[in-house]
Every structure is written in C-alpha cells, then in structure tokens.
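Colleague: The lines below spell out each chain.
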Amino acid sequence: MESVQQVSGRAIPFGRKNVDTDVIIPAHWLKTITRDGLGRGAFETIRQDPANLFDSAEFKGSPILIAGDNFGCGSSREHAAWALLDLGITAVIAPSFSDIFSGNAFKNGILTVALPQEAIDRLMEVAQTDPVTIDLDSQTVTTPFQDRFTFEIDAFRKHCLLNGLDEVGLTLARGDQIAQYENKSAGETPWLATGVAA
Amino acid sequence: MAHTLRTLYDKIWDAHVVERRDDGTCLIYIDRHLVHEVTSPQAFESLRAAGRKVRRPDLTLAVPDHNLPTTARRDAAGQRIPIADPESAQQLAALERNAPEFGIRLIGDADAEQGIVHVVGPEQGFSLPGATIVCGDSHTACHGGLGALAFGIGTSEVEHVLATQTLLLKQSKNMEVRVEGELGAGVTAKDVVLHICGVLGASGGTGYVIEYTGSAIRSLSLEGRLTVSNMAIEHGARAGLIAPDDTTFAYLKGRPFAPKGVDWDKAVAWWRSLATDAGAKFDKVVVIDAADIVPSVTWGTSPEDVVPITGVVPAPASFTDPSKQEAAQKSLDYMGLTPGQRMEDVEVQNVFIGSCTNSRIEDIRAAAAVVKGRKKAAGVRWAIVVPGSGLVKRQAEAEGLDRIFIDAGIEWREPGCSACLAMNPDKVPAGERCASTSNRNFVGRQGPGARTHLVSPAMAAAAAVTGKLTDVRKLTSA
Ligand code: SF4
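Chains G and V, in that order, are what the protein sequence lines are.
For the first sequence, counting from 1, position 12 maps to 12 in the numbering used here; every step adds exactly one.
For the second sequence, counting from 1, position 134 maps to 134 in the numbering used here; every step adds exactly one.
It is worth saying that the hints were derived from the structure and are not from the lab.
There's no promise every hint is true.
Taking lysine to any residue and the SDA-like style, the derived pairs with C-alpha atoms no more than 25 Å apart in a straight line are [to be verified]:
#, chain 1, residue 1, chain 2, residue 2
1, V, Lys53, G, Asn108
2, V, Lys173, G, Pro95
3, V, Lys170, G, Thr45
4, V, Lys324, G, Arg16
5, G, Lys184, V, Lys260
6, V, Lys11, G, Lys158
7, G, Lys158, V, Val17
8, G, Lys31, V, Ile81
9, G, Lys184, V, Thr4
10, G, Lys158, V, Lys260
11, V, Lys11, G, Asp176
12, V, Lys330, G, Thr45
13, G, Lys31, V, Lys173
Chain G regions said to be covered by chain V (calculated; three or more residues, Cβ under 8 Å) [claimed, not checked]:
#, region
14, 58-65
15, 97-108
16, 148-161
Computed from a predicted model, the values in this text were never measured in an experiment.
All C-beta atoms in this analysis are idealised placements derived from N, C-alpha and C, irrespective of residue type, glycine included.
With the hints as constraints, model all of the structure from the sequences given.
Modeller: Dropping the structure here:
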C-alpha cells in the first residue's frame with residue numbers, strides 16, 4: 001500500500017445522503033476478477049445525465065468527494081472503493097460512513113473524513129469554486145479561506161496510512177499469538193476449532 | 001470486585017480476542033469463513049501474488065450462488081450447460097479453481113447442498129451460536145439469528161481472514177431492539193424486520209451491533225430469526241444477534257457440521273451461558289410493541305421506506321428532514337408512485353420469492369399456503385420461487401409444494417441468489433414492478449430501472465395471485 005499524507009485539490013460537491021454501494025458501482029460491474037478498470041462503472045446511473053458533476057470539465061478527475069450522511073451503505077462490495085480509486089478519488093468527506101465502506105476504503109488507502117453537517121455545508125460551498133486540502137498528520141481539512149476543520153481518525157489506521165503498511169503482513173507477524181489462541185480454543189470450545197475437510 | 005454484566009455480544013467478543021491493543025482495537029479470531037464467487041477472486045489473487053497460504057482452510061467453506069442461473073444447470077446426460085454470460089462463467093470458474101488450490105471445501109453447483117451461502121451455513125451446521133462468522137457479503141448478519149456474531153467484510157478483509165484467520169476490529173456499541181407482545185395473524189418475521197427498518201431508519205443502527213430481544217422475537221422459529229437478523233445491515237448495524245435457546249438447539253442438532261456426542265452437550269452448556277446478563281447495559285434501547293406491526297411493504301428505494309399494507313404512499317412533505325423530503329421525491333419518481341395512492345392499489349408485473357432473507361422451507365410453505373388452489377393473476381408477467389438451497393428444494397418437492405406453484409403458473413427454480421440482485425439472468429425489466437421477498441429495494445437492484453416492493457413470502461404470494469400488492473390477511477382469513 002502506498003503511504004497517504006495529504007489529499008489536496010478540487011472536491012466534488014456531491015452532497016447526497018445514503019449513497020449506497022449500488023450507486024457507487026452497480027452490481028453488473030461486480031463480475032470482474034481483478035481490481036482494475038472499475039472507474040468506467042463508477043456512479044454509472046448518475047453519469048447517464050450528461051450534466052453530472054463527475055464528468056464535468058470542472059470536477060472530472062478530482063481527488064476528493066463530498067457526500068451526505070451514511071455514505072457507502074448497503075452491499076459490502078469492495079469494488080466501491082476500487083471504483084472510486086479508478087475514478088481518481090482518494091478521499092471522501094461526509095457526516096458519516098457505513099462501517100464496511102470505511103473499512104474497505106482504508107484498506108485501499110482512501111481517506112474517509114467524517115465532519116459535522118455544518119462543516120460539510122461550508123465545504124460544499126467552497127468546493128464550487130476552490131480546492132480543499134485534507135492533511136492526515138494534523139487531522140485537518142482546510143480551505144483557501146482560513147476554514148479549518150479537525151477530524152477524528154483511529155490511531156492505528158492513521159499509522160498504517162501514513163506509513164503505507166500492509167495489514168495482512170502486520171498480522172502474519174502475530175502468528176505465535178494466533179497459534180496460542182487456537183490451542184486455548186481447541187481445549188475450551190473444541191467444536192469451534194474443528195472445521196470441515198476439503 | 002464487582003462482576004461486570006455483559007451482553008451476548010460482549011461475551012462472544014471477549015471469547016474471541018487474540019490480542020487487545022491500547023487503543024481498544026482487537027485482533028479477533030474468526031471461527032467460520034464463508035466464501036462465494038463474487039468477492040473472493042481478488043483476495044485469492046493477492047494471496048497468490050504474495051505467496052501466502054490459507055491459514056485454516058478447514059474453517060472455510062466455499063459456495064457459489066450469486067452468478068448461477070436458476071434454470072437447469074445440467075442436461076439430461078448430466079453434462080454442464082454452459083453459462084451464457086462469459087463474466088459470470090469466469091467468476092464461477094475462478095472459485096472452482098481457487099477452492100481446491102487453497103485446500104478449501106467447495107459445495108458446487110452439482111451438489112445437492114448448494115445454495116445461497118447464508119442459507120447453506122446454518123443448514124449444514126457450519127454456522128454455530130457463539131461463533132464469529134464472516135463472509136464477503138453484507139447479509140452475513142443473517143447467521144446472527146443463531147446467536148453467532150456474523151458480519152460482512154470486504155475483499156481485503158477476506159484476504160486477511162484467509163491468510164490469518166483473524167480480523168482487526170474495534171468493538172461496536174450495543175443496541176437492544178426489544179419487540180414485546182404477540183404478533184397478529186398474518187404478521188411474519190419479515191414484517192417484524194421491515195417494521196424495525198422503518199422505526200430505526202437506514203442508518204439508525206450504524207456503529208452498533210443489535211441484539212433483538214423480547215417475547216415476539218423469542219416466539220419466532222429459527223428460520224424467522226434468520227430473516228430478522230438478515231436485515232440488520234439494512235438499518236446500518238454491523239451485525240444482528242438473537243440469543244440462542246432451545247429453538248436454536250433443536251434446529252442445529254444432527255446437522256452435518258454441528259457438534260456431536262459429548263461436544264454437543266458441552267456446546268449447549270456454553271451457548272446457554274452466552275445470554276445477556278440481567279441488568280447488562282445497552283448503549284441504546286428501542287422498544288417496539290408487537291401489536292403495532294402489521295403486514296408491511298416498502299414504497300421507496302430504501303428499506304426504511306416502509307408502510308403498512310393498509311397504508312398509502314406518503315407525501316414527501318410529510319417528512320421533517322429536508323434531505324429526506326428530497327430523497328422521498330426521487331424515490332417516488334423512480335417508483336412511479338403518487339402520494340396518497342393506496343398501497344393495495346399498486347399493480348405488480350413480477351413476483352420474486354427467494355433470497356437469503358426468505359427462501360428457507362418455512363418461507364416456501366408460507367407462500368404455497370397462499371397460492372394453493374389459486375392461479376397467477378393475468379397481469380403478473382413473471383413469478384418465480386427460488387429455494388435457498390438444494391436441500392430446501394428437495395424438502396419442498398417432497399411436500400408437494402412445487403406442484404402448487406407450477407399448477408398456479410408460478411415457476412419453480414434451482415437454488416441461488418436469483419432476482420435478489422441483477423447479476424444472473426433473473427432480472428426485473430425497467431419500469432416494471434416486483435413484489436419481492438429479498439432485502440433491498442435500492443435503485444437498479446433487481447435490474448436497471450426495476451421497481452422493488454419488499455414484502456414477506458405470504459404477501460408476495462398474495463400479490464402473485466391478485467396482481468396487486470395485497471393484504472394477505474384478506475386471502476387467509478376464511
Ligand atoms: S440472496 Fe441477495 S442478499 Fe442474499 S447473498 Fe444473495 S445477493 Fe446477497
């Protein structure tokens with residue numbers, strides 16, 4: 001995973017609430033067996049409207065998306081994160097995110113920044129004309145107009161993002177602890193420890 | 001030192017902590033991992049690229065379901081009928097290649113046990129109370145009906161579980177949704193959970209694991225509990241849980257992968273000990289009176305858009321939140337409905353009975369009971385019943401239920417996800433309406449432009465024979 005320090009640039013003032021992952025990437029795009037090329041299907045239904053923001057001269061390729069409450073709800077498809085990345089979006093700012101989506105985003109190096117609705121309203125306004133900057137280290141979102149909003153992020157996620165760490169590799173290094181747990185569980189709840197043979 | 005009182009969720013969580021970090025993040029052990037063809041190819045690809053193995057292939061079970069056509073899969077000679085869509089075929093082939101390569105048991109399309117992962121897991125006794133269960137699929141919450149901590153994960157997490165049999169997680173908050181009282185005639189588990197969706201809203205459960213409690217929940221069959229827990233994700237919850245009890249144990253006993261002999265007795269004792277301690281604190285409690293629940297139906301494009309079948313399409317202005325007003329207007333435009341229109345006047349052209357929400361034997365029986373002695377309405381172009389697994393299909397056929405549907409002009413299909421989502425040939429045409437027993441009425445979910453009304457199996461069956469959304473109580477009360 002590449003490290004993420006800052007995401008800066010134009011932000012798409014999308015603003016919609018309850019954007020589910022079917023909207024981000026419709027089901028018929030899930031048939032791929034690789035992670036690439038999903039940008040073409042990103043927000044497909046919305047982009048059928050020629051006047052959509054995503055394909056506008058102003059916002060095409062913008063690295064930041066601003067959305068409403070409960071972004072990424074619905075299906076757990078990680079394709080939603082891959083589709084955003086392929087579209088060039090590496091950060092989403094919204095009042096709240098679905099748990100599964102923010103997990104998927106994190107694992108793909110996409111920042112999910114949760115801010116109160118007032119901050120979102122202000123950023124939506126700024127985004128019409130000017131860029132927005134998200135700085136991970138200082139946990140702030142700033143604008144050219146002295147706006148400064150701080151956001152919370154899980155310390156472990158921040159550490160991984162800043163240093164570009166691969167979570168699977170980190171956990172594999174805990175192999176002894178996992179084996180210890182398995183021994184304990186085999187004694188206490190043996191029926192859970194024995195599974196099915198191939 | 002005072003003993004801390006814990007919820008069912010707390011107890012399952014505590015029992016699975018491999019390691020706890022200072023910030024509260026825990027490395028959680030995963031007991032059961034279900035894998036299907038849609039969200040796993042990229043995970044296996046990454047393992048292969050990094051030269052990594054699956055840590056516990058024996059705790060992993062692979063079942064194809066989303067892409068499989070629900071029409072015949074073998075010809076008379078037992079040869080596989082090629083799948084028309086090359087991309088579907090490619091995903092299915094990837095699972096058939098990856099499972100043996102990584103030593104994972106595969107229940108394939110030719111096996112009698114094949115079905116929707118969330119139907120197969122409980123049915124095989126692979127899913128067990130008190131277990132942590134994951135799958136690259138948001139409706140994994142379904143298994144919570146057994147009292148398992150079950151939740152959906154993304155493909156990177158699938159890879160993490162395959163490689164390490166663990167996940168790095170933070171514990172969610174505890175919510176209790178208590179449904180107290182007796183359910184009225186014609187009110188099913190699906191109506192209960194649709195009603196809860198309406199009360200909590202699509203994001204009311206975000207950040208929580210919900211334990212469904214109360215006499216109305218306890219009175220549900222195990223199948224009904226799976227239906228309720230299945231839709232926990234539709235109110236944004238990470239998982240749903242229902243405390244395991246005698247109903248649960250009776251369902252599991254003798255299932256192929258369920259514990260046997262001494263292990264069974266030990267397991268039951270442990271399962272009983274998991275119940276939420278009296279007085280344990282929930283971060284949020286929502287109490288619902290069972291008497292308020294009637295057969296329900298959705299009118300919009302979010303599962304929270306629920307009204308009683310006796311109700312009318314709401315006016316966007318009736319919502320206080322301005323963004324909900326706007327969303328409601330969009331939903332109505334998409335759904336082709338007008339405020340004030342009676343739900344019972346809405347005509348449907350399609351009926352889908354199936355999906356991991358409602359495709360178990362009890363669901364098929366409920367639908368058959370309504371259809372029996374009736375015919376599909378002329379205005380219904382397409383009506384299908386898709387059993388959740390090959391075993392459900394056999395059972396239903398042994399009971400003669402398939403005949404009831406076929407005689408009524410309703411199709412009887414092979415198991416799979418089918419028209420729950422538009423990934424296989426079963427789709428609802430643009431602009432047409434479908435009374436569907438699935439769990440999502442999102443825009444385009446059943447096909448581009450398709451209009452979905454979520455209902456119970458009995459209500460879907462009622463719609464199939466009347467051609468309109470119908471209060472099933474009118475057909476069942478003699
Ligand atoms: S039946 Fe529908 S909700 Fe259930 S796993 Fe299949 S696609 Fe998902």
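Colleague: Confirm or reject each hint.
Modeller: Now the hints, each set against the structure:
no., hint, result
1, V:Lys53 to G:Asn108, "holds, 21 Å"
2, V:Lys173 to G:Pro95, "holds, 19 Å"
3, V:Lys170 to G:Thr45, "violated, 34 Å"
4, V:Lys324 to G:Arg16, "holds, 10 Å"
5, G:Lys184 to V:Lys260, "holds, 20 Å"
6, V:Lys11 to G:Lys158, "violated, 29 Å"
7, G:Lys158 to V:Val17, "holds, 22 Å"
8, G:Lys31 to V:Ile81, "holds, 19 Å"
9, G:Lys184 to V:Thr4, "holds, 23 Å"
10, G:Lys158 to V:Lys260, "violated, 46 Å"
11, V:Lys11 to G:Asp176, "holds, 24 Å"
12, V:Lys330 to G:Thr45, "holds, 13 Å"
13, G:Lys31 to V:Lys173, "violated, 34 Å"
14, 58-65, "violated (count 0)"
15, 97-108, "holds (count 7)"
16, 148-161, "holds (count 3)"
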